[in-house]
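Participant: Here the structure of chain V is known, so what remains is to put chain L in place on it, guided by the hints.
This is what each chain is made of:
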Amino acid sequence: MNHQITHDPAFSMLRVDLQPGEVFVSEAGAMAAMSSHVELEAKLTVQQNPGIGTTLGALFAAVIRKYLGGESFFVTHYSTPYPASVWVAPTVSGSIVHRRLEGGQTITLSAGAYVASAGNIECIVKYGGLRGILAKEGAFFLKCIGNGGDLWFNSFGGVDFIDVDGTYVVDNGHIVGWEGDLEFDIKTAGGGFMGFFASGEGLVCEFKGRGRLYIQSRNLGSMTGWLLPLMP
Amino acid sequence: MQCELLYQPVSTMAQIRLNAGEQFLVEPGAMIGMSANMDMRTGLASSNQGGGGLLGKLATAAGRMLTGESFFQNTYTAQNGPGELLLAHTLPGDMAMLEVGQQGLKLQSTAFVASTTGVNIQAEFGGAKTFFASEGLFLISATAQRAGEHLLVGAFGGIQEFQCDGSLVIDTGHLVAWDANLSFNVTKAAGGWISSYLSGEGLVCKFNGQGRIWMQTRNPQEYGTLIGSLLPPRTN
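Protein sequence lines, in the order shown, are assigned to chains V and L.
Here the numbering used here is used: position 29 in the first sequence is 29, and no number is missing along the way.
Take the position in the second sequence, starting the count at 1, then add 232; the result is the number in the numbering used here.
No lab work stands behind these hints: they were computed from the structure.
Even for Gly, the Cβ is constructed at its ideal location relative to N, Cα and C.
One or more of the hints may lead you astray.
Claimed, not checked - Below are the BS3-like pairs computed for lysine-lysine, each with C-alpha atoms no more than 27 Å apart in a straight line: (1) V:Lys126 <-> V:Lys43; (2) V:Lys143 <-> V:Lys126; (3) L:Lys420 <-> V:Lys43; (4) L:Lys438 <-> V:Lys43; (5) V:Lys187 <-> V:Lys143; (6) L:Lys420 <-> L:Lys438.
Claimed, not checked - So these bits of chain L aren't anywhere near chain V, every CB distance computed over 12 Å: (7) Met266; (8) Gln334; (9) Arg378.
Claimed, not checked - Some chain L residues judged to face chain V by a derived CB distance under 7 Å, without partners named: (10) Gly389; (11) Gly390; (12) Val401; (13) His406; (14) Gly432; (15) Glu433; (16) Lys438; (17) Glu454; (18) Tyr455.
Here chain V stands alone, though its shape is the one from the complex (with noise of 0.2 Å):
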């Protein structure tokens, strides 16, 4: 599947470029344009033909996501009888990275990263727990294995990656998702009690292990805090 990514960083768009037969899944609501014979169907997961068992539980983690992150329940699945092309905008402002996987390579998005994919693709929500929820990144994660599939996630702000062996250290908020066996843990910057209070960071996650990390430049919690006290 062809595909580029346009006004990087700032206004990332995605086109793909799709041929009959091939699937593309965004998230809902993303499509800004479209051939006119691309058909458009909801589903409530990335996979094209889940089992039962798949189906009900993206259907039990799509209500409780929704209730507690906020996020949409379903995603789009693209097709088209004809070659066609379908462009796809995240919502705020910030890049879109792409990412191919082969071979059961896994990484790990935060909530609401999550922008397109193609291919073998399988996506699992899981519950990231009081983690999660410390981490600002919501109580949802969601799982992507790849066996021979492209993945698209985006950011607020620019992107960075950083190739974790060992630890190290990202501020909660800013966590766009990891591969590898990177594993975190929830806590404070350091400095003791006037660190935790006055340095402004407060809790921080640690990562572990060896593996990608993708981290923000931008935070919408940091921003909407900042709006918070300005409004009426």
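Facilitator: Then chain L, alone, in the frame of chain V:
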């Protein structure tokens, strides 16, 4: 009139240079700087159109209000020599100077920033279905009597120009402007209403014919809804 777009695409500002005596029509609030010899007059938004009398002008201005644009419009004139105007719109994003041309242009109502004096701006009923879209019931129809008349538009995000060759579908929230000779109808995105609603797309604009379409890479309504959901409810 010469126009240079600076700080593209995020914080775009248009630097307009006018010859002595030349005029430029600007949406209220869009001027962020000007040379001291620029004279500003505020008039009804229809004041650039000859004839029609006061009632006709009032009607046209009222029509423009329906599009969400201003009832009034500012006319800037360069006096005693060349002058400069700096223009910007509210949201972060790109701007473009479009030639109105023989066929005229249609604009999504909030995209209009400024124009040369020979451009006729009118509100146009966009059809009942646009009522459900975030862009409102009316669009702007821009026409010009002669070549060389221009229109400055402002977008949320980057601007992508498409050449419509046959047909193309654009999400209503991503539309900026299109050649008036294109026919369009607002329709549902998917085959069925339920799927259209669930897919989050709702209504889209389906264009037919040959012509250019300019779209913005971000959707203001969608962005506002997201940010709004993260803020506390208004108390008054």
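Participant: Can the restraint linking lysine 420 of chain L and lysine 43 of chain V be considered satisfied, given a maximum Cα separation of 27 Å?
Facilitator: holds (17 Å)
Participant: Closest CB-CB distance from methionine 266 of chain L to chain V, is it above 12 Å?
Facilitator: holds (27 Å)
Participant: With a cut-off of 7 Å, does the beta carbon of lysine 438 of chain L approach a beta carbon of chain V closely enough for the hint to hold?
Facilitator: holds (6 Å)
Participant: May I ask you to test the interface hint for tyrosine 455 of chain L with respect to chain V, counting a Cβ-Cβ separation under 7 Å as satisfied?
Facilitator: holds (6 Å)
Participant: Taking 12 Å as the cut and beta carbons as the points, is arginine 378 of chain L off the interface with chain V?
Facilitator: Fine: 32 Å to the nearest Cβ keeps arginine 378 of chain L off the interface.
Participant: Checking one constraint from the list: CA of lysine 143 of chain V to CA of lysine 126 of chain V, max 27 Å. Satisfied?
Facilitator: holds (7 Å)
Participant: Identify whether the interface hint at glycine 390 of chain L stands, where standing means a beta carbon of chain V within less than 7 Å of its own.
Facilitator: With a minimum Cβ separation of about 3 Å from chain V (threshold 7 Å), the hint on glycine 390 of chain L holds.
Participant: Would you check whether valine 401 of chain L satisfies its interface hint, that is, whether its CB is within less than 7 Å of any CB in chain V?
Facilitator: Hint holds; valine 401 of chain L Cβ to chain V Cβ min 5 Å, cut 7 Å.
Participant: Holds or violated: glycine 432 of chain L as interface residue toward chain V, Cβ cutoff 7 Å?
Facilitator: Nearest chain V Cβ about 3 Å off; hint holds.
Participant: Are all beta-carbon distances from glutamine 334 of chain L to chain V longer than 12 Å?
Facilitator: holds (26 Å)
Participant: With the threshold set at 27 Å, check whether the alpha-carbon distance from lysine 438 of chain L to lysine 43 of chain V stays at or below it.
Facilitator: holds (23 Å)
Participant: Given glutamate 433 of chain L as an interface hint, is the shortest Cβ-Cβ distance to chain V below 7 Å?
Facilitator: holds (5 Å)
Figure legend: structure checked against the earlier numbered hints; every hint is met.
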